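Please take these sequences and the hints and turn them into a complete structure.
Listed below are the residues making up each chain.
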Amino acid sequence: MMNHPVGSELALDVQGVYKKFRRGELYTSLRDLVPALAGRVLRKGGGDDWDQRDFWALQDVSFSVQRGEAFAIVGGNGAGKSTLLKLLTGIMRQERGSIRVSGRVSALIEVSAGFHQDLTGRENVYLNGAILGLTREEVRRRFDSIVAFSGLEEFIDTPVKRYSSGMFARLGFSVAAHVDPDVLLVDEVLSVGDYLFQRRCVERMNEVIASGATVIFVSHNLRAVANLCRRSMLLERGRVQMVGPTDEVIRTYLQRGQQARTLDADHGVAITEVFTHDAQGQKRVEFESDAKLRITVRASARTRHEDMSLVIQIVDEHQYPIFDTCTQRLGAGAFTLDAGDEFECTFELDVVLAEGTFHVNAYLHRYLTERAYDNWLSAATFFVTGAHEVRGAVTLHPRLTGFHVTTAVAGAAPADAPHGEQRNQPSLDRT
Amino acid sequence: MGAAIRELIARRDLLFMMTWRDIRVKYKQSVMGMLWAFLMPIIIVCAGFIVRYALASASGKAVDMADLTGVAVKAAPWAFFVSALRFGTNSMTSNWQLVTKIYLPRLIFPLAAVLSALFDLAIAAIGVTFFLVIARTGLSVHLLWLPLLVGAFVVLTASLAILFSAASLFLRDVKYLVDVFLTFAIFFTPVFYDASLFGKLAPLLLLNPVSPLLEGMAAVTVRHVNPSIPWLAYSCAATGVLLVLSILMFRKLEPRFAESI
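Residue numbers (this note's numbering), protein chains in the order written: chain A, 1 to 431; chain B, 1 to 261.
Please keep in mind that the hints were generated in silico from the structure rather than gathered at the bench.
Be a bit skeptical, because a hint or two may be false.
[As the list claims (entries may be wrong)] Listed below are the simulated BS3-like cross-link pairs for lysine-lysine, each with C-alpha atoms no more than 27 Å apart in a straight line:
hint, chain 1, residue 1, chain 2, residue 2
1, B, Lys200, B, Lys101
2, B, Lys26, A, Lys161
3, A, Lys20, B, Lys101
4, B, Lys28, B, Lys252
5, B, Lys26, B, Lys101
6, B, Lys101, B, Lys175
7, B, Lys61, B, Lys200
8, B, Lys28, A, Lys161
9, B, Lys252, B, Lys175
10, B, Lys26, B, Lys175
11, B, Lys101, A, Lys161
12, B, Lys252, A, Lys20
For clarity, every value in this text was computed on a predicted model and none was experimentally measured.
Put into structure tokens, the structure is as follows:
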């Protein structure tokens, strides 16, 4: 799966990188700094309170990426992904460790940061091109292609302050996509613009990868990560948890998300654990389309609760609800939990879902009063693979039962020539 | 130091574009457009004329033309000095989006600010030249000193702009200090008067490295004599030291810019 040619060069080599930030406000004026310094001198050794405000955004991060490889960095909010990218571009510098990059680095991050509101789209293309490292001659050669990519031909001589935010971002991305770097860093830009523009962006990314550039990809969009990158790194609270094949990394990442909660003092009753598994009881987050999926939910009560039922809901990656059900509708009847009681139930579902990422929401509900006692959104996440022949959230198991092409006979209009019809119906039924 | 200059040379197109942006934005959407470039020097030159007239009447001498042309020659570069430093000091904080989000050699920000002010000086210089022609100042071989004088003056301004831009990134009230400094610096610099006016104390005034350069400009264009070589050497040496120091300091602080701004 990862067969890099022997002796292929490293595009990126990161070894033992540490990055520290300071919480709270820094002294940003002499007015504050002078009294603070005086205070520290008088107190002597008052510098200790500074160290407690330090926190490590990255700790001992090491990885390397081969030339021409697409590599993803996966992790939750605050994992240190953006900080790492800022170190790779040179915007910030690490406290310890080394970062070696070979060739021109370009980042598809904050692609509109260089725009000036008062300048026109055309002027901003030249300005932003220069900011991203192109010469004026290089921008001139690519200008038409940049504008065509953005789809903003009509508005190119309008000041960008009159652009909508979508137009703004599209123009920024278009310039950045024409830089031809040796190493490209991408951070969540695939969410720019409408559906068609996003598709153009993904195509462009694939072109960049195909042209032999190295791509470092940071995203919450796990499907995009899985499609574009074979190898990934999982970052958690500033530390590398895992480097390996993307599907394994994503599985680990999602499984870590399915960890138990504890019942805190604010809740009388709470859902403590939600996880997905197969019929053998083996915890899994990846399911084939048409497999059986089981979801187990555990809850515990601190005080007595009557007439409860447990609801599970499955939503797609945009949080759009696809399906929900509950213990009561499935015939279990309302249940009562006494103080100290533990509750567990398991649902079995047929995965008639199409490929994608899905989240499980769980609710403890009392229908009598229409009140939710506990809810846990995205308590578990799972992946569905297979069902390549459909798109959308579910598969309705399509089969082709009719398929023919009517060939027109030369010299006669098709309507007048029913005899020209040629049946062409191979057996296409899939099993 | 070498790396900084190599990086700037590699990104010279960016320096050009940032300068162009600053000039373009300054003159776009302004009614008077390019007239602004003339207005500031004209105001300073007029103020200089008034001061000069007052000095002359106080000492009971008639105002002679060479005094007025001398003031014009010194006032235009002074206007450049003031606007380049004001603009340069704020150059990094006003571009904070670029500083925190995209990597580029940050020396470009103060340098582009200075270069766009230099563009104004070039326009003002046309006006001053016009005035010198009308005043029949004439030409001499001493004008060959002018490129060195102007060059040193621009480098000195750029060094200060680099220093102040980095300082004001970390400490916001540096901006106000620079404003105060620029408002009163005109009294410590021979713009409206000549250093010789101070007699024995003149050397004290010339310790300000800007002074020998401005005096030199007036000497070579208006009085057609050589500038004072020792003082010129002193100014050039001070400029060189300041340039090296400011770039070294800037480069040392640069890794902390993005998180400190």
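Here is what the structure says about each hint:
no.	hint	result
1	B:Lys200 <-> B:Lys101	54 Å, violated
2	B:Lys26 <-> A:Lys161	16 Å, holds
3	A:Lys20 <-> B:Lys101	18 Å, holds
4	B:Lys28 <-> B:Lys252	36 Å, violated
5	B:Lys26 <-> B:Lys101	24 Å, holds
6	B:Lys101 <-> B:Lys175	23 Å, holds
7	B:Lys61 <-> B:Lys200	21 Å, holds
8	B:Lys28 <-> A:Lys161	14 Å, holds
9	B:Lys252 <-> B:Lys175	21 Å, holds
10	B:Lys26 <-> B:Lys175	20 Å, holds
11	B:Lys101 <-> A:Lys161	20 Å, holds
12	B:Lys252 <-> A:Lys20	18 Å, holds
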